[in-house]
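S.K.: Here are the chains, one letter per residue:
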Amino acid sequence: MRKLITFVGSTLVLIGLWTGLAVAADDARVMQEKRAAEMVDTSAYKKEGPLKIGVAAGYMGNSWVVFTLQHIRYEASLHDEITEVLVTDAAFNPTKQVADIEDLISKGVDLILYWPVDDKAIEGALKKAKDKGIPTINTGGGFVDSPSVTASVFIDQWNLGEMVARRLFQDMGGKGKIFAMLPIAGTTAAVDQLAALEAVMKEYPGIELLSAEYGDWNRAKAKQITENLLQKYPEIDGVFSPAGQMSIGVAEAFDEAGRLGEVVMSPGDEYNGWLKWVRDHNQGGAVTFPTRAGQEALRLGMRILRGESVRKGMKVPSEYISPGAAGAYAEADRPDDWWASELPEEWKPK
Amino acid sequence: MSDRMGGDVDGIQIKLWRWASSNAIWVVLALLFIVAALLSDAFLRPVYIFNVVRQAAPVGIAAIGVTLVMILGGVDLSVGAVISLTAVLTAVLMDGHVANIPLAVTVALATGAIIGGINGTLIAYNRVSPFILTLGMAVVVMGITQIYSGGTARGIVSPGFREFFNYRIGGIVPVLALTFLGLALVGVRLQQTTKFCRNLYLIGSNPLAAELSGLPVRKITITAYALSGLMGAMAGIALLARSGVSSTFAGRGLEFDVLAAVILGGTTFQGGRGGIGGTIAAVFVLLIAFNLVNIVGLDYNAQLIVKGAIIIIASSAYIYFKKVR
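For the protein sequence lines, the chains are R and U, in the order given.
Per numbering that gives the first Met the number 0, residue 0 is the first one in the first sequence, and the count goes up by one each step.
Per numbering that gives the first Met the number 0, residue 0 is the first one in the second sequence, and the count goes up by one each step.
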């Protein structure tokens, strides 16, 4: 009897904890939405031209940020009052990014766009900018709720994960065994995508998550992990993989194992290598991770410099593109490491 | 009679231990393989085994070259950057045309050898610490890759290139796996038979004595580093063949996998000992460890713990077999 009471008691405690955690996660999300919707008074930042724009890149070592930066340069070219765009590259070094931001301040920039290596590490430098009347915009990462950051232009990873999961489960007919291929463990992208996947799974009891893996945005690693999973699981009906560059590695592993026919691939993003795969196989499609976040960030910055009130968080929405339509975006004469974008030809990276 | 029998048994035991001590890493590999086969029957399937060999190709090929410089008492931390550069370079020069493959491969190999040659020349003539110098070279090469590529891995792999290397002979053995095993065998053979490799050991054991005895230390140093760069370039091409390239940092971090394998394989930072055979075995030990934790389906953080523990246990077992005689 005592054992029974202990068992029931611990089960109830566990359920309570689980529910509590789930509610806490939902609460955090609601809170973030609320904070992002708050309006920022930007009258103190109002400036006439000529304007100098600073971009403090945390890193330039992947094609997505290269395209994002080109979007910033392109948008700058559309504004006569912008005379210069100064770009620094911290090469994944938070200390250098602090120095870079201080350099941009001393060079007299009127606006700083940035993507961080580590949000906390650069908070002091961003505060210096803000104290000198320079607005700061977090570009393309998650929403940052900090007094040092004027606004964030962000792509909602949770929302993206949810869209990818829903489409995958619909394509699978609502049942089957899947695994998830996520980015680097512990990053906002990985945490939010997995949370979204698990949330959607509650609506689809027929879906079983075999394993959540971390492919580090690396095609070779995603392929190697998939090769191993193929040996472990005789049945895999679907793959949740929102990042196109890992999706190609996953799909190749299935193909080489002669098991591509049994699996449904989720939508990836508009990474060209993935779009080529979608075009050739007519499945998967894409949920966009738009590189135009850079352009949107500068547009928002220009509104701030005009003294217009803006939302603290501006979401660049992800969109679902069906396999047929996504295939049409594939650029066969371009490398895999390329992004479908609305950039004019002369502004695409050379 | 019984004494004589006991003597025979002792003799066999001693011989076994001697064999085990000189082939410690192979014993560890065999034990790990048995454990892996007991936990997953995938390790008993030839297709999967050769898949593991193919997975090992990029790190394994690079590790052959790094073993040579470490026997010499040096180290090559630029190998990961060379892999990234040559993978991107090969794809760019191919530009999607079959006719460009020979040029692309030749230029990539030459680039790797030249980078290695520069490492070797600077170390031979300036006596700079190989750690610092090759680390610096890694940063330089990363920068060159970024400037050359503009931040996107912009090459297009020629049709047929990856298909050739991934083609399975007899439906089992991928050409890339065979290439890797071939290079490993050539390396081991050269290590056993050439004067160059004997000199590497002599210089690694006692550089001063080697120099005083008239060995061409500088020439051998430059050649060893050039070979390391060349093998790095081959590893870059192998990486491109295995899974394409999706970033300009495709080889980032691989230098640590390479170093872990070389050291676990018995080639030390002090130089003068170890060899390519041990390195190859260690590459497989590390890869099987990774695949095993993956196949068993451990949670990511538990995977890290088990992988680290396997490396520690494997290296301890190695020392044990080495000591017991």
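Think of the hints as simulated: they come from the structure by calculation, not from any bench.
Only a predicted model underlies this, so the values are computations on that prediction, with no experimental measurement involved.
Among these hints, one or two may not hold up.
Facing chain R, according to a computed beta carbon distance under 10 Å, are these residues of chain U, among others [said to hold, decoys possible]:
no.	residue
1	22
2	47
3	139
4	142
5	143
6	145
7	154
8	194
9	238
Positions of the beta carbon are idealized from the N, C-alpha and C atoms, including for glycine.
S.K.: Please name the hints from earlier in the document that this structure breaks, with their numbers sorted from lowest to highest.
M.R.: 1, 3, 5, 8
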